[in-house]
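*Asks:* Position one of the sequence shown corresponds to residue 1 (the working numbering), numbered consecutively onward.
The reader is advised that the hints may include incorrect statements.
As the list claims (entries may be wrong) - With beta-carbon atoms standing in for the labels, derived distance ranges:
id, residue 1, residue 2, range
1, Asp41, Ala78, 10 to 20 Å
2, Ala102, Glu128, 21 to 31 Å
3, Gly16, Ala110, 35 to 45 Å
4, Leu106, Gly16, 45 to 55 Å
5, Gly213, Asp139, 41 to 51 Å
6, Ala133, Gln39, 22 to 32 Å
7, Ala85, Leu106, 18 to 28 Å
Because the hints were derived from the structure by calculation, they are not lab data. Glycine included, each C-beta is placed from N, C-alpha and C at the ideal position.
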Amino acid sequence: MSATLPVEHTDTSDAGTRQRVLQLVASAGPVSAAELAAQLDLAPAGIRRHLGVLEDSNQIAVHDAGSVSAPKGRGRPARHYVVTAHGQDALSHRYSDLATQALRFLAETAGPQAVLGFAELRVREIEERHGAAVRAAGDDVAERVRVLADGLAADGYAASARPAPGGTAMQLCQGHCPVQDVAHEFPQLCEAEARAFSRMLGVHVQRLATLAGGGHVCTTHIPVSTAPHQIVLSVEGHPA
Numbered sequence: 001m002s003a004t005l006p007v008e009h010t011d012t013s014d015a016g017t018r019q020r021v022l023q024l025v026a027s028a029g030p031v032s033a034a035e036l037a038a039q040l041d042l043a044p045a046g047i048r049r050h051l052g053v054l055e056d057s058n059q060i061a062v063h064d065a066g067s068v069s070a071p072k073g074r075g076r077p078a079r080h081y082v083v084t085a086h087g088q089d090a091l092s093h094r095y096s097d098l099a100t101q102a103l104r105f106l107a108e109t110a111g112p113q114a115v116l117g118f119a120e121l122r123v124r125e126i127e128e129r130h131g132a133a134v135r136a137a138g139d140d141v142a143e144r145v146r147v148l149a150d151g152l153a154a155d156g157y158a159a160s161a162r163p164a165p166g167g168t169a170m171q172l173c174q175g176h177c178p179v180q181d182v183a184h185e186f187p188q189l190c191e192a193e194a195r196a197f198s199r200m201l202g203v204h205v206q207r208l209a210t211l212a213g214g215g216h217v218c219t220t221h222i223p224v225s226t227a228p229h230q231i232v233l234s235v236e237g238h239p240a
């Protein structure tokens, strides 16, 4: 008797399931196979198969934890995955070459201030979409970060807000940036976005890392108040 395969094992849904896996790695990474399986309601064998295909195609990679120590115990620590630059390409529309050429032309013909003006215009649109919701969150900066994360996620930035260890900070992880390649040459896009975050959240922020600069997430440091306790806003994807 032949067994009926689960939906995630059928040919017609494999590509869609892998896209969901890739999107979740972008928004939640570094993330383990077990965590992905639980969130996507997939069998362990199924998630391993999809991760294998994505890893073989260089869309995801095992995260190098560096100095972060793994929990002690028997056996090997679980592998945690992040999206690679190739995976970022798979998540975005490939218009970066044209956009880069356009900004080069703008810089050459109108000067660097014109590029800065374009970058500010772009982030003003983000402020117009999400500024009211962020303001409605009240004076709690942490809540404003969560609302901003939800808005960026709805825009396709694979964003999520997470508490940092110790409970005195948060991370807004943005795993996807549609202008990542362009921002590599024109960091004004990242700088303008950080200023937009500062205006929306009502506090001075500091960008710590970007996808365009080689990080697996864009990270912006955001103080919760003038007190010693602070929040870290991590944008995993970002233009920044």
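*Asks:* All hints, please: hold or fail.
*Replies:* Hints versus structure:
{"no.": "1", "hint": "Asp41 / Ala78: 10 to 20 Å", "in the structure": "holds (19 Å)"}
{"no.": "2", "hint": "Ala102 / Glu128: 21 to 31 Å", "in the structure": "holds (22 Å)"}
{"no.": "3", "hint": "Gly16 / Ala110: 35 to 45 Å", "in the structure": "holds (44 Å)"}
{"no.": "4", "hint": "Leu106 / Gly16: 45 to 55 Å", "in the structure": "violated (38 Å)"}
{"no.": "5", "hint": "Gly213 / Asp139: 41 to 51 Å", "in the structure": "violated (32 Å)"}
{"no.": "6", "hint": "Ala133 / Gln39: 22 to 32 Å", "in the structure": "holds (25 Å)"}
{"no.": "7", "hint": "Ala85 / Leu106: 18 to 28 Å", "in the structure": "holds (25 Å)"}
In terms of the numbered hints stated before, the structure departs from hints 4 and 5, listed from lowest to highest.
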